[in-house]
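Student: Residue numbers (my numbering), protein chains in the order written: chain A, 1 to 244; chain B, 1 to 392; chain C, 1 to 222.
Quick caveat, the hints were computed from the structure, so don't treat them as lab data.
Some clues are possibly wrong.
[Unchecked claim] Here are some, though not all, of the chain B residues that point toward chain C, as calculated from beta-carbon distances under 8 Å:
1. Gln72
2. His89
3. Leu141
4. Ile153
Ideal Cβ positions, reconstructed from N, Cα and C, are used throughout, including at glycine.
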Amino acid sequence: MKISRRQLLILLPAAAVAWKHVLAGTPEDSPNYKMSDHWWGMLIDIPKCIGCGNCVRACQTENDVPDGFFRTWVERYHRSDYHLETPEVISPDGGKEGFPSVKEGEEGKFFFVPKMCNHCTDSPCTQVCPVGATFVTPDGVVLIDPKYCLGCAYCVQACPYGCRYIHPTKKVADKCTLCYHRITKGLTTACCEACPTGARQLVDLKNPNDPIHEFLKTHTVQILKPQMATGAKAFYNGLDGSVR
Amino acid sequence: MSGVEGYMYPNEVTLYWSVLIVLYPYITGLVAGAFILASLVRVFRVQAVAPTYRLALLTALSFLLVAPLPLQFHLGHPERSPEMYFTPHSTSAMAMFGYVYLWYLMAVLVFEIWLDYRREIVLLSQRSKGLLRVIYKIMTLGSNNISPHAQHIDEKVGWIVTLVGIPSAFLLHGYVGFIFGSIKANPWWSSPLMPVVFIFSAMVSGIAAVMLIYMATTKMRKQTIDIRCVDTIAMYMFYIFVIDFSLEMLDLVHRIYEADESFRSLNFMVHTKLFFSQIVLQICLGTLLPLVLLFLTQITKFTEIVRKRIYVFCSSMILIGVFAMRWNVVIGGQLFSKSFLGYTTYKVDLVTKEGLLVAIGLEILPLLFLWALIKLLPPWPEQAKHETALGH
Amino acid sequence: MNQKCLRSQHRSQDNFGRRVKGRLLMGGLKDAGHLFRFLGLFVIAFLVFWVIRGYVVPKSFGEYGHYRGAAIGEIAAHPVKFAGHQACEQCHTDIADTKTKGAHAHVNCEACHGAIFQRLPAAAAPPANLYQRLLAFAGLQMPADPPLVSHADDPMSVKPVKPDSAVLCARCHTASAAKPKGFPQVDPAEHSSGVPCATCHNPHSPVIGSDSGTTTKAGGAK
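For reference, chain A alone in the conformation it holds in the complex:
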């Protein structure tokens, strides 16, 4: 795109002003990022996931996730034709180094399911926090304030999806932040950046140009544990009924 010198002179200062706010830790003040303009979610396309574990590794790198705990992980399901309600599930080290191969001709269906925080609109975890250390931002991301959290682990117990944990050294609750520090700067999340097949895609429901709107019209989409009425915003395309 050709930018005229005049346009550049106008654009650069605006960008500089925004960056200043981002660096100062108040991106909500930056003229380029307004929280009320966004409503974040994630689209996970099950038929595209190959279980490579790139997302798990990238998240760990980007967010300094401690070993043994996971902000995102991948599960491999084996749904037998005879036991639809009790699949066999494995997630070796969260799927970080991929999965062992499955030989052709095995009975039943195998598939991968990436899991993460669902950034619920009616999140049970923020409901139970005794002090207000975890909350839903005005742009729909569930975050934890590590300077305020007591480490009581009530939120960890309240999450139906098992996406929270207590950080072993910081002793506060921790979980996926939807790479808030990236999405507010116009980048995508680390897991989406690393996914080679496009199985994970960041979604901004308030953006009329976001492809999610077309996708939702043309595909069958589910959320995990709908009976919990959490208002989850991690949308799964092609989610099998056996997925827990």
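Following the hints, complete the assembly by docking chains B and C onto the known chain A.
Tutor: Below, chains B and C without anything else, positioned relative to chain A:
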């Protein structure tokens, strides 16, 4: 992953609520139960159990003073716990803890004990020497008025405090039940019956604890145990236990009958991981055995010695059984996966901040506090009469 | 007075409140002085609490909801490690050209090469004093992280990983019945008998013959 059978979500493998979180509802349960026993005297005028009135209050206070400690040891940042006072989150049951605890400590227990003991406090402040004198003087709050009218006022106000104290005790312990009962993510916990079961088992355990402490301290002082007193306590304990048992059975039968999606996983867990703590300790030894024995004491006239032995045995079994119940709720709720596809194991540490040694220490500490309180504010009637003779 | 005390116990509960008030007023509030002292304790405690609260509660608390509003900004200010493929393509234009025409067009650079920002091992920090070591032991002091350096800023000292193709390619492309059917996958032993993938396949445009510039269909396991 070690200790995992089947599939657990990766973050679920470690248990986050340890034995200290088992201890906390156990301790507040003892507080609530001991207070209910005291209220039997004060509000419901069951004079037979009057010998245990002051002892019950002091027991409640000893345990209440220790109650926040398991939580403080558990928190990742205990230095931030005042946040619960400054910015409590109104949608969180846990946020109530700070205020309910403070209310119950100061406006109920300490207030009631102070009102009941005020005469002795004033007299002791005049007769003691040294540090004790200073302590008693502070406890009088500078007022030496123990005129009959002042004491009359104390009694009336104390009655109101006890009356208010009963729902306060239910709130102090019931909210813990609600903390578990309101978690929709966990089907082992999520139940409207949870706070009610907690309260009734708390009452049974608190009454059993006071009975044991009464019998033990009376024996240590080489006095005779008031058999009418322990008979009456045992009777109330039995009736409340019947209600508790019915509620727990209702929960169990309801679960088995409805057999929702969590049932298969939970059922397996109860029969394997929780077999000893639930079937053996909680149900058989902790509930059925004492229920049957107490029932027998209600319908058969055993000799005093036999009755006392049965009461001691049953109270001990009840205390173990109610602890097992708290264990089964707290630990059991974390042993199975929310995917209903697997189980993990709880390895109790020994010497860590949330380990077994700390738990045992926190169980013993209230007894030490009780010993100190008994020394400071003697609950024994003959000593009180002695004070009266001297003071007046 | 004792007679009246006894009788009052037999009155109904409705009269009780009035009786107590009556007694208090009749006997004079001076006999209830100790109660007011006890109440005074509460009042003082409440005032102290209120003053402390004014100082201790963070100023931004409640700005957007029941939480510390400044936390949003603090989290958003976390350092970024993956810069995104546009950052790499600014300098590595030749690779970018090869990639856009091939089957790995949508595989981002950092997905294989790791993050563009890396933490270099910190220079020897001065030894922590006793207080700092106590804080660390108590878990109250979060250890400081070494600074992040970008390959874009210092290409010589910070180099992204050149992955071992035998490991990296195998993670995605080892055949498994669990993977989607249309996805290119092979059994590495049968396919190449241990020869590293990069020997025949250009990782940036892996379909053989495609990196000469001619477009080929995506997919197709061999």
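Student: So, as I understand it, the hint says B:Ile153 touches chain C; can you test that by seeing if any CB pair is closer than 8 Å?
Tutor: Given a least distance of 5 Å, the restraint on B:Ile153 holds.
Student: Holds or violated: B:Gln72 as interface residue toward chain C, Cβ cutoff 8 Å?
Tutor: 13 Å, violated
Student: Is the hint on B:Leu141 kept, meaning its closest Cβ partner in chain C is under 8 Å away?
Tutor: Holds. Min distance 4 Å.
Student: B:His89 was flagged as interface toward chain C. Is the shortest Cβ-Cβ separation under 8 Å?
Tutor: 6 Å, holds
The structure fails to meet hint 1 from the earlier list, while all remaining hints are met.
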